[in-house]
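*Asks:* Sequence:
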Amino acid sequence: MLVFDCFDKTFHEGEAAAVWDNKKRAEHHADNEAFTILGRDVRFKGVVHFEGTVQLDSCFEGEIHTKGTIVVGEHAVIRGTITAGTLITSGKIQGNVAASGKVQLLKPAVLIGDVQTPSFSMEEGVYFKGFTNMGAHPVVEEFPQSPLVLTDVTPQLNGSRPVLIESDRGS
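Just so we're aligned: 67 in this note's numbering is position 78 of the sequence shown, and the numbers increase by one with no gaps anywhere.
Calculated directly from the structure, the hints in this document are not laboratory data.
Be careful, since some hints might not be right.
With a straight-line Cα cutoff of 30 Å, these simulated BS3-like cross-link-like pairs (lysine-lysine) come out [unchecked claim]:
{"hint": "1", "residue 1": "Lys56", "residue 2": "Lys91"}
{"hint": "2", "residue 1": "Lys118", "residue 2": "Lys96"}
{"hint": "3", "residue 1": "Lys56", "residue 2": "Lys34"}
{"hint": "4", "residue 1": "Lys118", "residue 2": "Lys56"}
{"hint": "5", "residue 1": "Lys91", "residue 2": "Lys34"}
{"hint": "6", "residue 1": "Lys34", "residue 2": "Lys118"}
{"hint": "7", "residue 1": "Lys118", "residue 2": "Lys91"}
{"hint": "8", "residue 1": "Lys96", "residue 2": "Lys56"}
DEER-style ranges, computed between Cβ atoms [what the hints assert, rightly or not]:
{"hint": "9", "residue 1": "Tyr116", "residue 2": "Ala87", "range": "18 to 26 Å"}
{"hint": "10", "residue 1": "Phe117", "residue 2": "Glu52", "range": "16 to 24 Å"}
{"hint": "11", "residue 1": "Thr121", "residue 2": "Val31", "range": "23 to 31 Å"}
{"hint": "12", "residue 1": "Asp30", "residue 2": "Gly124", "range": "35 to 43 Å"}
{"hint": "13", "residue 1": "Ala125", "residue 2": "Lys56", "range": "16 to 24 Å"}
{"hint": "14", "residue 1": "Ala125", "residue 2": "Lys34", "range": "34 to 42 Å"}
{"hint": "15", "residue 1": "Gly51", "residue 2": "Asn122", "range": "17 to 25 Å"}
{"hint": "16", "residue 1": "Gly114", "residue 2": "Lys34", "range": "14 to 22 Å"}
{"hint": "17", "residue 1": "Glu52", "residue 2": "Asn122", "range": "17 to 25 Å"}
Small disclaimer: the values here were computed from a predicted structure and weren't measured.
Ideal Cβ placement from N, Cα and C applies to all residues, glycine included.
With these hints in hand, go ahead and build the complete structure from the sequences.
*Replies:* Written as structure tokens, this is what we have:
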């Protein structure tokens, strides 16, 4: 079982800081939108609310809420609940995530918890343990609700007989 100690200072020794360059920042937020960076030396607990885009390279324990974008850096460790418009992470998260827009897991991200979002993607090399809920989809609702019946079955072996297969679906 993976456990992250958000406040273990030895976790970060010898690691280089991951900071977005100006081009990457511009891709993920409008010119008039706030952009906040919480660096590796920041460690905090509690409930936080952000406006705009925030990049976390820090340790955090608690709840994070924003309608904007949260970018979790490779060296970040988060233990708690995240509610956002968009979550892009290459860090470590232990807790449930809900995003109204999308959740994107980038290598070498670790996410242990459930995800609720309409759009979910992850790169090869990501570790994810949890359930995803992407909401209702019209194609799923179109499945027939009548029992499935297997007919015209020819016995293949001596002593075998046809089998009727019915579905649990429907009434």
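*Asks:* Please go over all the hints and tell whether each is borne out by the structure.
*Replies:* Hint-by-hint comparison with the structure:
1. Restraint check for Lys56 and Lys91: the C-alpha separation of about 12 Å stays at or below 30 Å, so the hint holds.
2. Between Lys118 and Lys96 the alpha-carbon distance is near 15 Å, which keeps this suggested pair within the 30 Å criterion.
3. Simply put, Lys56 and Lys34 have alpha-carbon atoms about 20 Å apart, close enough for the 30 Å limit, and the pair holds.
4. Annotation: proposed proximity of Lys118 to Lys56 holds, straight-line Cα distance about 25 Å (limit 30 Å).
5. Our distance criterion of 30 Å between C-alpha atoms is met by Lys91 and Lys34, whose separation comes to about 25 Å.
6. In summary, the hint linking Lys34 to Lys118 is supported, as the alpha carbons are separated by about 24 Å, within the 30 Å threshold.
7. Restraint check: the Cα-Cα separation between Lys118 and Lys91 comes to about 18 Å, which is no more than 30 Å; the hinted pair holds.
8. Of the supplied pair hints, the one linking Lys96 and Lys56 holds, its CA atoms being roughly 24 Å apart against a limit of 30 Å.
9. Range check, Tyr116 to Ala87: Cβ separation about 20 Å, and the 18 to 26 Å hint holds.
10. A hinted range of 16 to 24 Å for the beta carbons of Phe117 and Glu52 is consistent with their spacing of about 21 Å.
11. A hinted range of 23 to 31 Å holds for the C-beta pair Thr121 and Val31, which are about 30 Å apart.
12. Under the hint 35 to 43 Å, the C-beta atoms of Asp30 and Gly124, about 38 Å apart, fit the expected range.
13. Distance hint check for Ala125 and Lys56: the Cβ-Cβ separation is about 22 Å, which falls inside the suggested range of 16 to 24 Å.
14. For the pair Ala125 and Lys34, the beta carbons lie near 36 Å from each other, so the given range of 34 to 42 Å is met.
15. Distance hint check: the CB atoms of Gly51 and Asn122 are about 23 Å apart, consistent with the given range 17 to 25 Å.
16. Between Gly114 and Lys34 the beta carbon distance is about 30 Å. The supplied range of 14 to 22 Å is therefore violated.
17. Separated by about 19 Å at the C-beta atoms, Glu52 and Asn122 satisfy the suggested range of 17 to 25 Å.
When held up to the earlier numbered hints, the structure conflicts with hint 16 and nothing else.
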